[in-house]
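S.K.: The listed protein sequences derive, respectively, from chains A and B. Using numbering that gives the first Met the number 0, read the first sequence as starting at 0 and increasing by one per residue. Using numbering that gives the first Met the number 0, read the second sequence as starting at 0 and increasing by one per residue.
Calculated directly from the structure, the hints in this document are not laboratory data. Quick caveat, the model's predicted, so the values are computed rather than measured. Just so you know, even glycine gets a beta-carbon here, dropped at the ideal spot from N, CA and C.
Between beta-carbon pairs, the in silico distance windows are:
id, chain 1, residue 1, chain 2, residue 2, range
1, A, K101, B, P144, 54 to 62 Å
2, B, G178, A, K101, 53 to 61 Å
3, B, A149, A, S85, 47 to 55 Å
4, B, E141, A, A74, 39 to 47 Å
5, A, A74, B, A149, 45 to 53 Å
6, A, S85, B, P90, 34 to 42 Å
7, B, E386, A, D66, 28 to 36 Å
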Amino acid sequence: MKIAHGLIATALLAAAGLSQAQAPDAAQVRSWAASCANCHGTDGRAQPGMESLAGANKDDMVKKMLDFKAGRKPATIMHQLAKGYSDDQIVAIAGYFAAQKK
Amino acid sequence: MMQRRHFLQTGTALGAVGLMSGCATVGGGSGPKVVVIGGGYAGATAAKYIRMWSEQKIQVTLVEPNPAFISCPISNLVLGGSKTMADITTPYDNLSKRHGVQMVKDRVVSIDAAKRLVKLAGGTELSYDRLIVSPGVDFMWETLPGMNNAAAQQQVMHAWKAGDQTLTLRKQLEAMRDGGVFAMSIPLAPYRCPPGPYERACQVAEYFSKHKPKSKVLILDGNDDVTSKGPLFKKAWAERYKGIIEYRGKHALRDVDVAGKTLKFEFSDDVKADVLNVIPSMRAGDIAVNAGLATANKRWCDVDFLTFESKVAPNVHVLGDSIQIAPAMPKSGHMANQHGKTCAAAVVALLTGKQVNPLPIYNNTCYSFVSSEDVVHVASVHRYDAEKKTMLTVPGSGGVSAAANELEGRYALAWARNIWADTLA
Numbered sequence: 000m001k002i003a004h005g006l007i008a009t010a011l012l013a014a015a016g017l018s019q020a021q022a023p024d025a026a027q028v029r030s031w032a033a034s035c036a037n038c039h040g041t042d043g044r045a046q047p048g049m050e051s052l053a054g055a056n057k058d059d060m061v062k063k064m065l066d067f068k069a070g071r072k073p074a075t076i077m078h079q080l081a082k083g084y085s086d087d088q089i090v091a092i093a094g095y096f097a098a099q100k101k
Numbered sequence: 000m001m002q003r004r005h006f007l008q009t010g011t012a013l014g015a016v017g018l019m020s021g022c023a024t025v026g027g028g029s030g031p032k033v034v035v036i037g038g039g040y041a042g043a044t045a046a047k048y049i050r051m052w053s054e055q056k057i058q059v060t061l062v063e064p065n066p067a068f069i070s071c072p073i074s075n076l077v078l079g080g081s082k083t084m085a086d087i088t089t090p091y092d093n094l095s096k097r098h099g100v101q102m103v104k105d106r107v108v109s110i111d112a113a114k115r116l117v118k119l120a121g122g123t124e125l126s127y128d129r130l131i132v133s134p135g136v137d138f139m140w141e142t143l144p145g146m147n148n149a150a151a152q153q154q155v156m157h158a159w160k161a162g163d164q165t166l167t168l169r170k171q172l173e174a175m176r177d178g179g180v181f182a183m184s185i186p187l188a189p190y191r192c193p194p195g196p197y198e199r200a201c202q203v204a205e206y207f208s209k210h211k212p213k214s215k216v217l218i219l220d221g222n223d224d225v226t227s228k229g230p231l232f233k234k235a236w237a238e239r240y241k242g243i244i245e246y247r248g249k250h251a252l253r254d255v256d257v258a259g260k261t262l263k264f265e266f267s268d269d270v271k272a273d274v275l276n277v278i279p280s281m282r283a284g285d286i287a288v289n290a291g292l293a294t295a296n297k298r299w300c301d302v303d304f305l306t307f308e309s310k311v312a313p314n315v316h317v318l319g320d321s322i323q324i325a326p327a328m329p330k331s332g333h334m335a336n337q338h339g340k341t342c343a344a345a346v347v348a349l350l351t352g353k354q355v356n357p358l359p360i361y362n363n364t365c366y367s368f369v370s371s372e373d374v375v376h377v378a379s380v381h382r383y384d385a386e387k388k389t390m391l392t393v394p395g396s397g398g399v400s401a402a403a404n405e406l407e408g409r410y411a412l413a414w415a416r417n418i419w420a421d422t423l424a
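Please take these sequences and the hints and turn them into a complete structure.
M.R.: So, in structure tokens, the structure goes:
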């Protein structure tokens, strides 16, 4: 299990372009992503009326979140929530949702 | 407790050995056993996510006396008349069908933390490796002598646990004469759902404006001022419900004359009304208090925010409205669901010899309906602070709506559908 964890972490790291010291582990990213599920559905598969994140394009999600965070993209609530996460955390969480089945 | 701390400090490799041997003695079935007490936003979420994240290797039993989940969020809309009880009720069966949670419809009588046993009213005893206690709140009736009996509690509603009380209060509002007064008493914070009473005032006022326009809503707040979304609620009261809603702060309730339909206050004149709604002071649920878990003022349960493990009972975790909250952490259904997932991840890690996430981050989103369609929100992001060992809001994050709006009304209902599914489906 430790090896498997390491592999996932490495993959994430490569995908996210993070430094070794900042690399979050897979379970941690899964927990962070789970805090989005209240509105966006378990593993990002949303109920009607909210945007599904499961299987969405990672780069698109990262751009959207960074735009919310910088105030470039208007929102009712996401501009306030996006500011609570570091850019690296946003990249990692987007990677988690991109990897989920639609 | 010592074992877990040691584990957190020394990391994965060393800690795993001690913990794996710690859960080797499991009675019946295979895999570690978790018992969850209470199927609300926190407990049901924890049960589901432990099954998911352990890949069904950890056995989970959920003890809940109610036949279905009835949501407190959105229940004020039942009082306003735009939603029904059916709209806010969700069955528990997906937890067992989809996730293999063993549902036990019973009440917990006692917890034996030394023997790791939970005793149920029906006589069953459940053993556990880890116990999750999420009984919500119970009321401090002893602070209101006139309400401290069953007959009084059947006449004056709190409707602060959605269910029969919600329906009865709605019927009392329907039966009230036009020109009558609905008086609601709010306890001193902390209490479940900070903006809930103010949303309720809006919902009742909207109903009055349509059906009983001569009637009044009187808000009698034990707090100095509105505790959540103050400017947004006050704007709604002034603009939408002018002449209907009146707000009075600094009205700490002292007692209730149930027969005389009168509220008595510490420092202000009595208030007589046609329909009373007394939201009493609250504390952790009876189960948690009776088990000795309520260590903060004998009222709320202190927990370790990395794991939600009780500060006084090893292997026992406490979630949701029962806990002593971190700074700026509301007692909300959304937050309880986040507790459930944070605890689920920690319990799975602890029972499988992995590292507990040292940096939990989660958010709170709370929508309030100022009418049947228009909504205001408050949002926050909470992150673990390793030095202070608590959850703190992330500087610069969070905020409230600019103004009440219909778009957020649709988002609020979508939020409800999603959190109900995330918790129960």
